[in-house]
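Protein chains: 2
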Amino acid sequence: MSKIFESSDNVRNSKPLRHVKTLVFSEPFALELGGILPCVTVAFETYGRLNEARDNAIILCHALSGDSHVAQHDSEDDPGWWDIMVGPGKPIDTNRFFVICPNVLGGCRGTTGPGAINPATEKRYGQNFPTITVGDMVGLQRWLINRLGIEKLLAVVGGSVGGHQALMWAKLFPDHVGSVVALATSPRLNSQALAFDVVGRNAIRRDPHYYGGQYYDHEHGPEVGLAVARMIGHITYLSPEAMKRKFEADRMTPHEVATEFEKVFSVGSYLGYQGTKFVERFDANSYIALTMAMDLFDMGTTREELVKACPASCRWLIISFSSDWLFPSEQSRDIVNALIARNAPVSYCNVQSSCGHDAFLLLDDFALYGEMIRAFLINQTPPHSGQLSTEAVVDKQSHAPTSIFHQRRLDYDRIVELVEPGASVLDLGCGSGRLLARLKRKGHRRLVGVELDEQKILACICRGLDVVQADLNKGLRAFADQQFDCVVLSQTLQAVLDVEGVIADILRVGRTCIVTFPNIAYHKNRRILAEEGRAPGGSGWMRQKWYNTPDIRFLSIADFEEFCVEKGIRIERRLAMDTEANLEVSENPNYNADLAIFVISRVG
Amino acid sequence: MSKIFESSDNVRNSKPLRHVKTLVFSEPFALELGGILPCVTVAFETYGRLNEARDNAIILCHALSGDSHVAQHDSEDDPGWWDIMVGPGKPIDTNRFFVICPNVLGGCRGTTGPGAINPATEKRYGQNFPTITVGDMVGLQRWLINRLGIEKLLAVVGGSVGGHQALMWAKLFPDHVGSVVALATSPRLNSQALAFDVVGRNAIRRDPHYYGGQYYDHEHGPEVGLAVARMIGHITYLSPEAMKRKFEADRMTPHEVATEFEKVFSVGSYLGYQGTKFVERFDANSYIALTMAMDLFDMGTTREELVKACPASCRWLIISFSSDWLFPSEQSRDIVNALIARNAPVSYCNVQSSCGHDAFLLLDDFALYGEMIRAFLINQTPPHSGQLSTEAVVDKQSHAPTSIFHQRRLDYDRIVELVEPGASVLDLGCGSGRLLARLKRKGHRRLVGVELDEQKILACICRGLDVVQADLNKGLRAFADQQFDCVVLSQTLQAVLDVEGVIADILRVGRTCIVTFPNIAYHKNRRILAEEGRAPGGSGWMRQKWYNTPDIRFLSIADFEEFCVEKGIRIERRLAMDTEANLEVSENPNYNADLAIFVISRVG
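Sequence lines, in order, name chains W and Z.
Each residue of the first sequence is one higher than the one before, starting from 1 at the first, in the numbering used here.
Each residue of the second sequence is one higher than the one before, starting from 1 at the first, in the numbering used here.
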């Protein structure tokens with residue numbers, strides 16, 4: 001326990017962490033960009049118990065200013081930075097999992113960083129601390145895991161720069177990682193995020209009290225520079241909406257806080273306070289070292305490199321937040337697309353949130369992303385006897401009498417029959433995953449769902465399915481040509497604006513495609529228009545009114561057949577049914593059927 | 001000319017401006033927040049000639065770091081900051097207009113600011129320069145205009161903080177402003193923008209070389225702090241997309257520039273250079289004074305205050321840019337909505353742009369926003385004989401044989417007849433403004449168009465119409481109950497997703513509403529579905545195919561009548577026509593007509 005103070009006491013007033021353990025590696029630690037650390041200390045905390053099989057360990061990677069104290073150990077303990085997520089019965093359930101949270105290499109909370117004594121010189125490293133990378137951080141964590149006797153992690157979990165570490169774990173040690181949960185992260189920083197880090201480092205390094213990094217023995221360090229860097233960072237962690245909520249009502253009423261920074265506006269008093277407090281607990285050289293590691297982090301400059309860096313042997317859960325502008329959701333989508341290209345098992349959701357980058361630390365959207373993480377992690381372990389699986393819970397819910405799926409099963413039966421045994425299937429507009437779940441039970445192994453609705457995505461994750469959030473109208477660029485044996489577009493075509501684009505896309509991605517849609521030429525519809533002079537609807541599959549139906553495209557079986565001829569699409573099978581009578585229709589389907597099922601493929 | 005150097009020579013290396021004129025006001029200038037400047041110098045440049053009527057003067061308000069040199073005076077002259085906009089034949093045409101661009105109060109390029117000598121102490125003001133506001137800046141400009149013998153400005157034009165000044169001109173001196181063009185601006189800063197300014201000021205004031213603001217006689221001023229503030233600012237002026245374009249390709253290859261700031265990444269070398277250059281030409285105390293004026297600027301904390309601050313006696317053109325995250329487009333929309341509430345003549349477009357806040361200074365989107373400004377300003381003056389009016393140009397274009405409006409006029413004839421003489425009209429989905437132009441010629445005075453398409457908005461502005469960009473599916477919240485005598489929804493209902501919401505909204509806003517839509521129960525459509533088993537389309541108003549029509553709602557005349565009954569809507573008139581035969585239909589319209597025209601109103 002003594003080691004921890006050796007490397008953290010350079011941070012004035014920093015509170016010692018009571019439950020921290022330390023391990024010292026006295027062998028030299030070689031760094032990715034050259035240079036060696038002759039001796040490295042790792043500070044970490046653990047929660048829960050390692051089971052006998054040693055297969056329930058999860059490593060949690062903290063973000064820029066975090067530390068090993070991810071959660072309270074007991075009710076007397078100080079709050080942790082992710083108490084909502086980690087603990088008994090929480091999504092990362094310490095009754096079930098053995099959780100390890102190390103302070104990061106280069107940090108200032110116990111693990112060796114620029115504030116530590118360099119054994120060679122017996123002085124603090126300061127600016128002589130070698131440039132470290134996210135790979136180095138992960139390498140040290142791997143060393144730690146090894147020493148704890150763990151061969152393979154059940155999961156690596158992290159948000160922000162913690163997410164970078166999680167991605168890097170999978171890249172460097174794919175055989176030692178079962179699954180990855182990465183929140184609010186990116187394959188590398190975009191130029192805007194990089195720019196803010198650069199300005200922060202400039203503020204620190206050009207602070208006259210920086211003294212070339214050897215400020216430790218001076219009365220003042222680069223406190224203004226570090227505070228300015230922290231203030232900039234704080235703005236980037238919040239969304240404009242969140243700032244409006246926090247500061248607009250009392251815009252001109254600054255809080256009475258102890259800071260020498262400007263206090264004219266409420267947002268200014270907040271930032272000044274945050275900057276002032278941060279200086280008390282964080283080392284400026286660590287801030288430089290960690291932001292530089294973050295800025296150098298790059299999972300792949302080209303798409304090909306990124307694809308190569310994402311192993312298919314892990315299972316992945318990627319979560320972004322819609323208002324995160326520091327690591328915007330498109331960057332998470334780049335990771336997801338690379339994983340899809342590898343045929344890696346991945347689920348993804350861009351959580352609608354107003355909380356910005358910090359959303360992954362906050363309660364606001366926790367009901368969604370917390371439950372996604374809970375279900376995902378539970379599905380990485382064998383089901384406990386007596387416990388209801390997450391899928392069983394979902395099934396029970398969706399069998400409720402109010403479920404719209406309750407009575408409509410005939411078309412699913414047919415689709416399941418039409419899919420070749422063992423085929424890989426992409427289900428577009430997969431809903432809560434009932435069709436995919438049936439295929440899974442039939443033994444299909446490569447199954448992917450695409451869905452927009454967050455709750456349905458959660459339901460799919462609970463079923464242990466891979467589901468990716470995407471808008472069909474924006475195209476299926478993530479998917480490669482002929483990547484799936486079968487693409488299913490079930491009762492979705494009629495809700496799509498860009499019909500030509502979506503059909504071209506599914507024929508590109510699937511060797512065969514199953515398309516189902518309501519038939520506007522169903523005899524009841526014909527009668528309604530011809531005899532009553534009313535827009536078709538109100539019967540068969542077209543239940544809703546002209547002004548509130550989610551359907552925006554109306555076609556008949558004959559229309560679709562003509563479309564296929566025009567576009568050079570091969571029709572392999574056609575089935576039709578009268579879902580009101582729950583019957584398959586063979587005679588004059590364009591008149592007698594309200595639902596059509598086509599199996600199509602691309603010619604040539 | 002000597003005065004200019006007196007107040008700008010504190011900025012080391014700043015280049016003198018050759019064409020600057022100065023005026024000195026030796027009376028005391030009282031400031032909004034208290035305090036007096038005993039003597040004020042205004043530096044300004046002028047372009048073009050004031051006409052005899054003295055009614056062709058435009059004042060241009062510069063942004064934070066700009067100055068009076070808005071454009072080149074001749075080919076030998078240094079480039080101006082808005083050369084693309086101002087000059088002979090340019091949108092702000094100096095052959096036509098007399099353009100005045102003053103350096104702002106508090107600045108450091110000729111006009112009195114913190115670097116000027118305080119006559120009372122014979123020392124520079126420094127931090128003793130009183131807090132100034134945007135109102136003070138505009139008050140000084142008003143004084144200048146007065147001295148130039150101009151009673152009323154044709155227009156006030158400005159972007160960013162220049163836009164703030166333009167808004168403030170209209171608020172303080174509505175009788176002296178004919179029109180306002182405000183680009184990339186806001187009714188006040190949001191908390192995020194405010195926060196960046198606060199951090200910038202903190203970096204300057206807490207720089208040890210700030211010396212309480214009296215750094216002028218020291219070897220070094222707060223150069224690091226000012227450079228850091230400028231770097232932060234620069235990030236906020238660019239969009240993430242623009243930064244990607246600028247820096248991603250050579251991310252790790254910094255430019256060889258003269259700066260002592262970090263040069264590891266290309267974006268870092270850019271920012272370092274910008275920061276270093278800025279220090280050479282700008283005074284830190286001016287930066288503090290001007291950003292504080294910007295941060296204190298507030299056209300109204302509540303919507304009511306904002307509405308009160310926007311006079312209806314001026315004509316307004318508001319332009320925002322979609323990727324501007326410093327002054328996001330919703331803030332421009334707040335101004336527009338306030339103007340709409342005042343029944344002020346306003347046009348608005350949120351230009352689709354990837355260039356961020358700086359878009360208004362760049363060529364990328366200039367073809368659109370430049371032409372909008374050109375047309376808007378021309379329409380503020382009486383048409384010159386022999387010159388084609390901007391409306392005539394548009395008319396000529398839209399009469400080309402390819403125009404979809406070429407043959408379809410019967411419904412417009414009917415709508416024009418249905419509108420009460422002199423009624424105020426809101427045309428939703430107004431296109432290029434042909435209907436409104438006809439009503440204008442008939443003598444209607446209060447006419448407003450709503451449209452999404454940028455080019456059509458430009459066409460409306462060319463016609464001298466007031467047009468506001470908005471998405472009908474997002475509602476008409478900007479408009480008050482019963483604000484218009486008549487709301488027209490012509491051939492637009494079928495392209496709207498939220499039919500119930502839009503109909504409820506138009507009935508709220510209009511005393512009467514004219515709704516036209518294609519009739520799905522037209523006999524040809526009935527036959528196509530009943531006999532051919534094909535989706536209606538290909539004839540009458542429904543020309544396109546089921547898979548590529550912009551229409552997403554399909555209804556018959558009978559459906560709409562039932563809808564009106566269900567929702568308690570009064571049908572005042574109904575007309576129907578066969579547009580293929582160009583005939584009005586009286587017999588069995590739900591069978592014989594392909595287009596319906598309803599006049600409806602809210603019951604009670």
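Hint data in this document are derived by calculation from the structure and do not stem from the laboratory.
Do not rely on the hints blindly, as some may be mistaken.
If chains are identical, the list can't say which one is meant, so a pair holds when it fits in one copy or spans any two.
Think about it this way: if two alpha-carbon atoms lie no more than 30 Å apart in a straight line, the pair counts; the simulated DSSO-like pairs of lysine-lysine are [what the hints assert, rightly or not]:
| id | residue 1 | residue 2 |
| --- | --- | --- |
| 1 | K545 | K524 |
| 2 | K246 | K263 |
| 3 | K152 | K263 |
| 4 | K244 | K308 |
So, going through the hints one by one against the coordinates:
1. K545 <-> K524: Both: 15 Å inside a copy, 22 Å across copies.
2. K246 <-> K263: Within one copy only: 16 Å inside, 36 Å across.
3. K152 <-> K263: Answer is neither; intra-copy 51 Å and inter-copy 40 Å both fail.
4. K244 <-> K308: Only across copies: K244 and K308 sit 23 Å apart there, 41 Å inside one copy, limit 30 Å.
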